[in-house]
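Construct the entire structure; sequences and hints are all you get.
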Amino acid sequence: MRLTVVLLLIALSVVSLFVGVAEVRVSTLWSDPEALRLLAISRGPRTIAVVITGGALAICGAILQMLVRNRFVEPMTAGTGQGAALGILLVTLFAPDAPILAKMAMASFTALATSAGFLAIVQRLPPTQPLLVPLVGLIYGAIIGACVTFVAFQADLLQYIQIWMNGEFSGILQGRYELLWVAAAVGALSYLAADQFAIVGMGRTVSVSLGLNYTQVVVLGLLSISIVTALTVVTVGMIPFVGLVVPNIVSRLAGDNLRLTLPMTAMSGAILVLASDIVGRLVRYPYEIPVGSVFGILGAVVFLWLLYAPRRHAQ
Amino acid sequence: MIIVTDLSHKIGTAPILQDINMTLEKGGVTALIGPNGAGKSTLLSLIARLVPIQTGRITVDDLTIGACPTDVLARTLAILPQVIDTAPLLSVRELVGFGRYPYHKGRPTAEDHAKVDYALETFQLTPLADRRLETLSGGQRQRAQVAMTFAQDTDYILLDEPLNNLDIAASRSLMAILRDLAATHSRTIVIVLHDINYAAAYADQIVAMKSGQIVATGSPEAIVTDRLLQDVFQTDPKVHCLNGKMMVQV
Amino acid sequence: MHSKRLCLLALFLGGCIAGYLLLGARGNWAFVLPFRGNKLIALLLVAIAVSTATVLFQTITQNRILTPAIMGFDALYVLIVTILVYLLGGQVFLQLPAVGQFVFNTTLMLVAALALFGSLLTRARGDLMRMILTGIIFAVLFRAITDFLQRMIDPNEYAVIQISSYARFARIEVELLAIASVLTCAALIATWRMRHRLDVLALGPDAAINLGENPQRGMFQALIIIAVLVSVSTALVGPMAFMGLLVVSLAHMITPTASHAVLLPSAALISAITLVGGQFVLERVLGLSTPLIVVVDVVGGGVFLILLMRGKRR
Numbered sequence: 600m601r602l603t604v605v606l607l608l609i610a611l612s613v614v615s616l617f618v619g620v621a622e623v624r625v626s627t628l629w630s631d632p633e634a635l636r637l638l639a640i641s642r643g644p645r646t647i648a649v650v651i652t653g654g655a656l657a658i659c660g661a662i663l664q665m666l667v668r669n670r671f672v673e674p675m676t677a678g679t680g681q682g683a684a685l686g687i688l689l690v691t692l693f694a695p696d697a698p699i700l701a702k703m704a705m706a707s708f709t710a711l712a713t714s715a716g717f718l719a720i721v722q723r724l725p726p727t728q729p730l731l732v733p734l735v736g737l738i739y740g741a742i743i744g745a746c747v748t749f750v751a752f753q754a755d756l757l758q759y760i761q762i763w764m765n766g767e768f769s770g771i772l773q774g775r776y777e778l779l780w781v782a783a784a785v786g787a788l789s790y791l792a793a794d795q796f797a798i799v800g801m802g803r804t805v806s807v808s809l810g811l812n813y814t815q816v817v818v819l820g821l822l823s824i825s826i827v828t829a830l831t832v833v834t835v836g837m838i839p840f841v842g843l844v845v846p847n848i849v850s851r852l853a854g855d856n857l858r859l860t861l862p863m864t865a866m867s868g869a870i871l872v873l874a875s876d877i878v879g880r881l882v883r884y885p886y887e888i889p890v891g892s893v894f895g896i897l898g899a900v901v902f903l904w905l906l907y908a909p910r911r912h913a914q
Numbered sequence: 002m003i004i005v006t007d008l009s010h011k012i013g014t015a016p017i018l019q020d021i022n023m024t025l026e027k028g029g030v031t032a033l034i035g036p037n038g039a040g041k042s043t044l045l046s047l048i049a050r051l052v053p054i055q056t057g058r059i060t061v062d063d064l065t066i067g068a069c070p071t072d073v074l075a076r077t078l079a080i081l082p083q084v085i086d087t088a089p090l091l092s093v094r095e096l097v098g099f100g101r102y103p104y105h106k107g108r109p110t111a112e113d114h115a116k117v118d119y120a121l122e123t124f125q126l127t128p129l130a131d132r133r134l135e136t137l138s139g140g141q142r143q144r145a146q147v148a149m150t151f152a153q154d155t156d157y158i159l160l161d162e163p164l165n166n167l168d169i170a171a172s173r174s175l176m177a178i179l180r181d182l183a184a185t186h187s188r189t190i191v192i193v194l195h196d197i198n199y200a201a202a203y204a205d206q207i208v209a210m211k212s213g214q215i216v217a218t219g220s221p222e223a224i225v226t227d228r229l230l231q232d233v234f235q236t237d238p239k240v241h242c243l244n245g246k247m248m249v250q251v
Numbered sequence: 029m030h031s032k033r034l035c036l037l038a039l040f041l042g043g044c045i046a047g048y049l050l051l052g053a054r055g056n057w058a059f060v061l062p063f064r065g066n067k068l069i070a071l072l073l074v075a076i077a078v079s080t081a082t083v084l085f086q087t088i089t090q091n092r093i094l095t096p097a098i099m100g101f102d103a104l105y106v107l108i109v110t111i112l113v114y115l116l117g118g119q120v121f122l123q124l125p126a127v128g129q130f131v132f133n134t135t136l137m138l139v140a141a142l143a144l145f146g147s148l149l150t151r152a153r154g155d156l157m158r159m160i161l162t163g164i165i166f167a168v169l170f171r172a173i174t175d176f177l178q179r180m181i182d183p184n185e186y187a188v189i190q191i192s193s194y195a196r197f198a199r200i201e202v203e204l205l206a207i208a209s210v211l212t213c214a215a216l217i218a219t220w221r222m223r224h225r226l227d228v229l230a231l232g233p234d235a236a237i238n239l240g241e242n243p244q245r246g247m248f249q250a251l252i253i254i255a256v257l258v259s260v261s262t263a264l265v266g267p268m269a270f271m272g273l274l275v276v277s278l279a280h281m282i283t284p285t286a287s288h289a290v291l292l293p294s295a296a297l298i299s300a301i302t303l304v305g306g307q308f309v310l311e312r313v314l315g316l317s318t319p320l321i322v323v324v325d326v327v328g329g330g331v332f333l334i335l336l337m338r339g340k341r342r
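Protein chains in written order, with my numbering: chain A, 600 to 914; chain B, 2 to 251; chain C, 29 to 342.
Take the hints with a grain of salt, since some may be wrong.
As the list claims (entries may be wrong) - Just so you have them, the derived chain B footprint on chain C, three or more residues with Cβ under 8 angstroms:
no., region
1, 219–225
2, 234–241
3, 283–291
Read the hints as simulated data drawn from the structure, not as lab findings.
Even for Gly, the Cβ is constructed at its ideal location relative to N, Cα and C.
Right, here's the structure in full:
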């Protein structure tokens, strides 16, 4: 199955290179310098950005689900994404000339603060009501989102908000996506801590009795989630549900051993976002539909399915 | 008289009740007993039209369940609802007042007020009349609900495991009230009970059910026997006779 | 006790209305008053529609944290308008008379709401959290499809939808206001006639049956009224996620009663105070440019979170 996933990812990446308004043909690729330039400046970076975003968001979802011990949450809709947007908005408002790294740091910081807030709320919820967690998450995210809208309205920055709130890859060019490599690195690093996250997912008591520094792992997890989410929101905007849908599907297909499934989760995330992006490029050709809109529909439908389809027990 | 004819009920494909035939005469207290899943509550819900009938027929006096308008039935038959915790903002008087709704549809007359007062008096709730339900103990709340069913002034009163969550004092007092309703107010009481001892002590008649069928009907002395308990509940407690009442040693 | 509080609320609303109409008006009164008057009527209609729909919804579901907006009714209305423009084309859609458009949308809304939520409310009754979550995801899905379709539509026709589903406060069509008033009044009269039955339905389906009320029939009628009221408010000003929850929660605090004869007017008054007074304070006193709805959503969302966390899930 792993092989199928790898092949699918490669196939879709190739398709992504050749889909778009300007025509690029495989046959004339080597004789046409213009086409090569297009690949290097636009299509290539775009494809890489999509793959990194999809993979990193899926990993973030898996980690957050471990941290709050609930399958129905993900950072983009549970406050982290909105927190990142709030951070950039504040920087844009008060220090518009700050270097991009400072903006990033601020976005990551507010994202971290809002996700820590979410975690604190979740820990007060009764464990007997598992669906309360996603519910609270969605409302929490919506409230922070409304705060963002409020500030944006006052500062007349609504257009910016639209860019951050709805993920889109059409603006990705060489020189405007490289920050995402950081997200890729963070995602890869968190793979090293996969076992720790899996243990944290079994609860505080188990973690402590296994000799794990619970708080440290939780902070590490929140940090990686916040950085990846902030980077994604700044470069491409919010893509809801990736972090929710993908880990759930993978868990149903391949079980819950995080160390084994995390690469699958990352690749599946990349595949789904890539497919959505390609659909968005083709369905209203030559115009584009943002990947956030496409994935919003896909994600909501899968979410409903997850909510009602009885979970097959492990064979 | 409640007459149940050829009643069967399924949930999905699982049969809950199979070919029930039962006649309950007017008057007295009838207890439905049986192990979990025997279909007692379903039978009661079907009589009370809480669940639509699938096959079979139930009549209460000359009213046919399902065919008779529901607001007409509400003046003949009442079921004690599960403890209402969804509307904690009601006062005791307001709750008991709802018992008159089938008669006045929201516009109470002087007679309705009088009946509510009488019900409060009968159940010693007058001092609590203006208290909120949420401030009452479980036993008091249960009593308020019985007062509401009493105010509904129906010949038949059905109760589904009313002793759940009640301590022994509240349970005994409720059962005594029900006996009194049957004796002095000539109401017909049908009650689903978990505890055989309460059934044996307070019922005039016991209907024993098992796997969706009626196994036996009769007086407590005839029903509460070693053999029948073994047969119905698959357990073998000792049955004693104390002062003419049957008692199961647990 | 309740009637006194209702009177106080009414007086307060009167003050808000006077302030809204009169304060800060410069120049030509003949121009200002009708302009503000129309806007005021729209605000009042929306306020009462939202509060009444929310009370009805909470009664038929027997809990205090569900509202039509949270369950995606508003989003459904916007989606229906978008689908119509997508299928018919913006020009055709615009050529329909405003009244026809509105009635058509509302009818579709009714059918869709009954089909979707009728079965959801009956089936998922036992599991409240699942039901709310389903509703919220429905809302997300409706918005996502709306967004998708809007981008499939020509930019010119896209403008049509923006007119028909958002920002009516800026310029209110008198014709639409008239039909909205008629529909709201009809729905309110129907609700008021149901008030005693609603008291009984609020006790839960079993208790309602026992007292001779048919809960299915009551729920069906309430859903029809809700669909009409949501259509009115959404068509006039657009979706308002937490407004209903906020004002009805306030009503439960100010006039704590289960009687709909008190609760309905109390919620309506508080709702009107929130919209008219809020608009007045925001626009005239603070001079903020943010739409009131954004503020209401932040506060209402906070109330929702608190209700959820306090365990008042019923």
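Do the hints match the structure? See the list:
| no. | hint | in the structure |
| --- | --- | --- |
| 1 | 219–225 | holds (count 3) |
| 2 | 234–241 | holds (count 7) |
| 3 | 283–291 | holds (count 4) |
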